[in-house]
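Keeping their order, the protein sequence lines are chains X and G. Sequential numbering from 2 applies to the first sequence in this note's numbering. Sequential numbering from 23 applies to the second sequence in this note's numbering.
Hints were generated in silico from the structure; no laboratory data involved. This one's a predicted model, so the numbers in the text were calculated from it and none came from an experiment. From the three backbone atoms N, C-alpha and C, an ideal C-beta is built for every residue, glycine too. There's no promise every hint is true.
[Said to hold, decoys possible] Now the in silico label distances, taken between C-beta atoms and shown as ranges:
| hint | chain 1 | residue 1 | chain 2 | residue 2 | range |
| --- | --- | --- | --- | --- | --- |
| 1 | G | E97 | X | Q267 | 51 to 61 Å |
| 2 | X | R271 | G | E89 | 17 to 27 Å |
| 3 | G | Q252 | X | E84 | 38 to 48 Å |
| 4 | X | R87 | G | F262 | 22 to 32 Å |
| 5 | X | I45 | G | D168 | 43 to 53 Å |
[As the list claims (entries may be wrong)] Examples of chain G residues toward chain X, derived with CB under 8 Å:
| hint | residue |
| --- | --- |
| 6 | V46 |
| 7 | G134 |
| 8 | A199 |
| 9 | V233 |
| 10 | A260 |
[Stated by the list, open to error] Covered stretches of chain X, as calculated for chain G (at least 3 residues, CB under 8 Å):
| hint | stretch |
| --- | --- |
| 11 | 103–117 |
| 12 | 131–144 |
| 13 | 179–185 |
| 14 | 191–202 |
| 15 | 229–236 |
| 16 | 261–274 |
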Amino acid sequence: MSLPAPEEASSDAQSAAWARVEVSRHPHRPYSLDLIERCLDQFIELHGDRQGGDDAALVIGLARLGQMRLAVVANQKGRTLEERGRRNFGMAHPEGYRKAQRLFALAGRLQLPVLSFIDTPGAYPGVAAEERGQAWAIAQTLEAQLALPTPYLAVVIGEGGSGGALATLLADSVLVLENAFLSVASPEAAAAILFRDAGRKQTAAAALRLEPRNLVDWGIADEIVPEPPGGAHTDWDETAALLRPRIEARMGQLVAAGVDPARRRQRYRRLDGLFSA
Amino acid sequence: MSASPSYPSAKAVEVSDSEVACAVCGHRQSGAEAESSLQVCPACGAHRRISAHERVRQLVDPGTFEEWDRGLEGEDRLHFFDTRAYPERLEEARSRERLPDAILTGAARIGGFPVGLAAFDFGFLGGSLSTAVGERLARAIERSADTGVPFVCVTASGGARMQEGVFSLMQMAKSVAALHRLAEVHLPFISILADPTMGGSIASFAALGDVILAEPKAMIGFTGARVITQATYEQLPAGFQTSEFHHARGLIDHVVDRRQLREVLTELLAVLDTAPGDGHGAAA
Ligand SMILES: [Zn+2]
């Protein structure tokens, strides 16, 4: 049976796709530190990339979850006007990605499993970021993740935008919250490229197929974590209560299975599943 | 190797039946002259964008290129439609560029040294990263590792291919995973950046060269200048995101004129040769 001729998604499908993007960006949605505080038993933030910068758009730290010691890396958005500026809306500069590299190196040395939280529109698109090697910083962070010798679990909790999200996504297992998404570009950026009109973001959101179910079907994510009815913003405690056991279970499995970074590399080498050789 | 003087860049070439005109200074050449000058304007030094086929012709020892994975094609996994169906766009690019997708890979010799080679084709949907491009790139890296030869990649890519959505994004991870294999056998990756090298391409494999070269005035960066201006209203510094800009900031080893590129590559392959004097080196 041949597929129907491709065409633009229906307006209902476009509205549904866009509604999900709006939930993932809801101003009251719990951000990484809100979930870290509620899901983990202890968290001590560490600061700086040890090369001259400390980017508040990305936080790292040491944590405990039950008996487990963890290293944590997370995108962090701001809630208040002041904090949004300081956190740069969760969009990291090169110093943020270098801070993540520091965390991966630390985790390797101390044999700590890594837990990441992804919630970023993407890497910061600015002059200073480019001057300081934004692309190089992201590339080196991808490399660091694929060499990490300890178990690694990623949780996409909100927006997962492009290369900036990939910098803390290349884990052994990936969880995605029910209303979170992972995308090659923000729907606005995709619309600007495809239609030369950022206003057609709803059409782009539908065309990009951002439903988390697809990520699981395609082997990019392993599990969808349900949110409270209406979305995570309606109840942070309940969101954390739903998430914590999934982190415990998945991380427990990874620790028990023992870690082979070669297997992680194989996962990302083979993941589109189109090519058998 | 010496850093080249700067040349103005050219994005396009005007073509009449038998003549091309430099888009920067207007200098006219016959098609044959333009080809023998490697599509670099002899008057002003502007480097024109070239196809993957022309790139391979320029770089390798004549008759030594053996293409890999020619038949490998991707799929329209997202059933993608923007203003047209994605498969239509692909077909059109395939017949225009005489390539199955935006990259050409194979075994070759450069100055006598055997290498694995990949060349991106910007004319094919902006040299963007599809699953097929990522797969062919990854296989070329792995085949270089398996056959014990250095890997050379000439990138000219706008980054992600929107029509393949998150699959395109994941090609960044795929390419980096493949490069790990080359590092495990201690073989060099020489990354050459041509105009333009942007987005997901420079934020993954292209930035991870053991040695990174770039053609003069190539545009290189994570986010394009137009998007930065729209998003931040920032003033762009002079020469923003050119090869020379990144070289001055320690991100690129050498800016190399295309007319010296073969020679520079041969020197690099010679200095890195693990078995010097066994006869396969030395330029003819
Ligand atoms: Zn000219």
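Structure-based check of each hint:
Here the CB-CB span from E97 (chain G) to Q267 (chain X) is close to 21 Å, at odds with the stated 51 to 61 Å. Range check, R271 (chain X) to E89 (chain G): Cβ separation about 23 Å, and the 17 to 27 Å hint holds. For the hinted restraint 38 to 48 Å between Q252 (chain G) and E84 (chain X), the CB-CB distance of approximately 25 Å leaves it violated. With their beta carbons about 26 Å apart, R87 (chain X) and F262 (chain G) fall inside the hinted range of 22 to 32 Å.
Between I45 (chain X) and D168 (chain G) the Cβ separation comes to about 45 Å, which falls inside the hinted range of 43 to 53 Å. Residue-level restraint check for V46 (chain G) is violated (minimum Cβ-Cβ distance to chain X is 24 Å; threshold 8 Å). Nearest Cβ of chain X to the Cβ of G134 (chain G): about 30 Å, over the 8 Å cut. The hint is violated. Hint on A199 (chain G) holds. Least Cβ distance to chain X is approximately 4 Å, under the 8 Å limit.
Residue-level restraint check for V233 (chain G) is violated (minimum Cβ-Cβ distance to chain X is 14 Å; threshold 8 Å). Hint status for A260 (chain G): violated, given a least beta-carbon distance of 12 Å to chain X, over 8 Å. Only residues whose C-beta sits within less than 8 Å of a C-beta in chain G count toward coverage, and the stretch 103–117 of chain X has 0 of them, not enough to reach three; the restraint is violated. Interface restraint, the stretch 131–144 of chain X with chain G: holds (12 residues with C-beta to C-beta distance below 8 Å; minimum three).
Coverage of the stretch 179–185 of chain X by chain G holds in this model, with 3 residues showing a Cβ closer than 8 Å to a Cβ of that chain against a need of three. Proximity of the stretch 191–202 of chain X to chain G, defined as three or more residues with a beta carbon under 8 Å from a beta carbon of that chain, is established by the 5 residues found. Proximity of the stretch 229–236 of chain X to chain G, defined as three or more residues with a beta carbon under 8 Å from a beta carbon of that chain, is not established by the 0 residues found. Figure legend: the stretch 261–274 of chain X, annotated as covered by chain G; annotation consistent (6 residues with Cβ-Cβ distances under 8 Å, at least 3 required).
Taken one by one, the earlier hints fail for this structure at numbers 1, 3, 6, 7, 9, 10, 11 and 15, listed in ascending order.
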